[in-house]
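Engineer: Spelled out from the first residue to the last, the chains are:
There are 2 protein chains.
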Amino acid sequence: MKQIRVGLLGFGTIGTGVVKVFQQNSELLKDRLGAELILSKIADLDITTDRGVDVPVGVLTTDADEVLVNPEIDVVIELIGGYEPARSFVLKAIENGKHIVTANKALLALHGDEIFAAADKHGVEVLFEASVGGGIPIISSIKENLCANRFKSIFGILNGTCNYILTQMTNEGAEFADVLKVAQEKGYAEADPTFDVEGVDTAHKLALLLTLCFGTKIDFDDVYTEGISNITPLDIDYAEMFGYKIKLLAIGKADNGQIEARVHPTMVPLHYPLADVEGVFNAVRLVGDFVGPIMQYGHGAGMEATASAVMGDVVSIARGIAAGAGQRTPSMAYMPNAIKTIDVKPMADICTQYYLRVGVIDAPGVLSKISGILGEHGISIASMIQPEREASGATPIVLMTHEAKEGDIRAAIDEIDQLDVVEEKMHFIRIESDME
Amino acid sequence: MKQIRVGLLGFGTIGTGVVKVFQQNSELLKDRLGAELILSKIADLDITTDRGVDVPVGVLTTDADEVLVNPEIDVVIELIGGYEPARSFVLKAIENGKHIVTANKALLALHGDEIFAAADKHGVEVLFEASVGGGIPIISSIKENLCANRFKSIFGILNGTCNYILTQMTNEGAEFADVLKVAQEKGYAEADPTFDVEGVDTAHKLALLLTLCFGTKIDFDDVYTEGISNITPLDIDYAEMFGYKIKLLAIGKADNGQIEARVHPTMVPLHYPLADVEGVFNAVRLVGDFVGPIMQYGHGAGMEATASAVMGDVVSIARGIAAGAGQRTPSMAYMPNAIKTIDVKPMADICTQYYLRVGVIDAPGVLSKISGILGEHGISIASMIQPEREASGATPIVLMTHEAKEGDIRAAIDEIDQLDVVEEKMHFIRIESDME
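Protein chains in written order, with my numbering: chain A, 2 to 437; chain B, 2 to 437.
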């Protein structure tokens, strides 16, 4: 039986999951692959800590070159994370003819062009299913199964930390800061949570999905990115009164020759499947011109689910090796020379519905002033609730608008916030009522 | 640019969808494939009916051999449906070195072994993503991305006709027969709906998924199959009172060296994502030892969604041809010699919760008699509602049991049905409260 040898860079949480797959499911993989996968080398600076898995003698090494230039190794799994030395190691492995499997979306977002070009030059594959959505096979679905579709839109819940926090805030009426603290204690959030809660991680993943779906280069700075740290239990309650849940969504849309690329808290109708995605689960909804809407849902992170995605990629490469094929599918779903640069639509031009909440003094004529300003900017009100006065003293006015332009909304808000009667400046949350 | 030529057998609804993909998305496919796909020939007995799509002169033919033995054609799409001549055509195409894409689950359920063996002999691929779940890439996910997992269970809503009927019955409180009639008028159900509403189509699809997930041959007669024609609006209402929706589920589970293989109406907790799958949508929930639970959701049928899946397969084969590879992934996810025969667990041994409804005369001691018989068979009651008397005159007793063996339930029901006090025999519906 043909043997295919794998080297692993980085023996952390996901690396340990990969070792577990080798230990638990080797025979199964043989039955499904018709070849034997052998984990030949694991390189990490720390090879003494007990990870709770048995590793045969001679497999562990602190010398990355035992993986990178080892003539026996066919596939290198990069699970170091971050930019360096991950980038140099991956490039060196490619130069030595190794295929690459990685879960490192930050690396691909920043150095993807360089890495994919090197892979094309050396005729090897670079697969990265684990970099978006954990165990959900969304990247492969876009590159392979759905490739006959012109995509219309992507909507993703792509960060388990944010979704866990929003779910807890929703279910328990708790404040962001309190839930974050619990999430940190439980290991669902990092000590420095900025990368997750401010939407940066979600934006990295959206950038990858946008290229895969639309064949466009994305300048990461063009992705509008707004996190969840300003969401209050109050807004979550009002959202529910209107029939919505608040989720941190990655949104990508083809829009008259431009694309929308934005990450922000979004109100999603309660009856939409995405509204039911709770806790650390991730989900992606895609709409294609032939397939229509399609959704995938599963664990977005974690040792086991991520290892499942990594090993799916390893088997894919192994099947290519066994079939005598090299590169098969272009790394970013489009042939390199077919990738264009589509303009990202400026946020000021985005059209959607808005939820607005402002705290005012309880006096006659206030609502008329506010609706007057909205009207002057061409914004019409779809519905309104005026709840009981908040403990803080301000009286909230809560509105849902009809579809309006972001630029107009922002201009109206600037004007409203300067009114004498405003005690708490306006909060706004975008709404997606029609996910096509 | 390399050209890859495709022949189409069967110019019906899905065939028309395939032609539409070629017409609308040819340039896109070129960008994603790096080769040109050309639809060279379409064979159908009827080449005169206007399908609303333009076909170049010389492409249409009534002679299947212009596809099957045409030396220019690399890939044959079989969309004739049924057993013959689909089987003979597919075998002839394989003998002539053509790769096959088909949506024909009936053909694969009955003649899969013969077809896959021929494909192995001639080194060609047979792909069939469109045969289960329409546009949902569930087959590919099992064969490729999730292949490092030992699967624990599959739960599928795989028949759009049944799901449409159950959804309408639920939303409108209508009877099965009335909804079926409307579904037939709308084209969501066939004139003879038996194949769909009695669960046969779902069972065919489950049989395919069981082999793909568990590497076992399935004798189709071993799949327990029960349709939805006995479901009443009354049971749907009571189910909702207990917190459940009724869905026709395909269920497969690995169970101590046996597998469960069953298709029947099932109560699903309202908070489960599968409960929200409405109308003609399909969904599959899989649980793997590494990936955990994962769900995919989308259009389960229809011209466009099915064409999306067919063309995904065509591109996959085209990429293999362009990369110089032949067969890459075994047709049924396992190497042919690794496919075993795992015993299907007899239905009498299945353990699950049950919903029971029986109509009785309103007299003292009736409930005690019924619960006594259940108790004698080791069945304990989890909850009960005794609603108002039905119009028919019988007083319903509605129960949910704790987990019990199907054999015990059936024995108890036989005994209860013979009681003098029983006016309407017992109905029962199985419950899945824990979808792991």
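No lab work stands behind these hints, which were simulated from the structure alone.
Warning: the hint list may mix true and false statements.
One copy or two, it doesn't matter: identical chains are merged, so the pair holds either way.
In silico EDC-like pairs for lysine to aspartate or glutamate, Cα to Cα no more than 20 Å straight-line [what the hints assert, rightly or not]:
1. Lys106 with Glu191
2. Lys218 with Asp114
3. Lys406 with Glu173
4. Lys122 with Asp32
5. Lys153 with Glu28
Engineer: Of the hints given before, which are not true for this structure?
Structural biologist: Hint 3 contradicted; others consistent.
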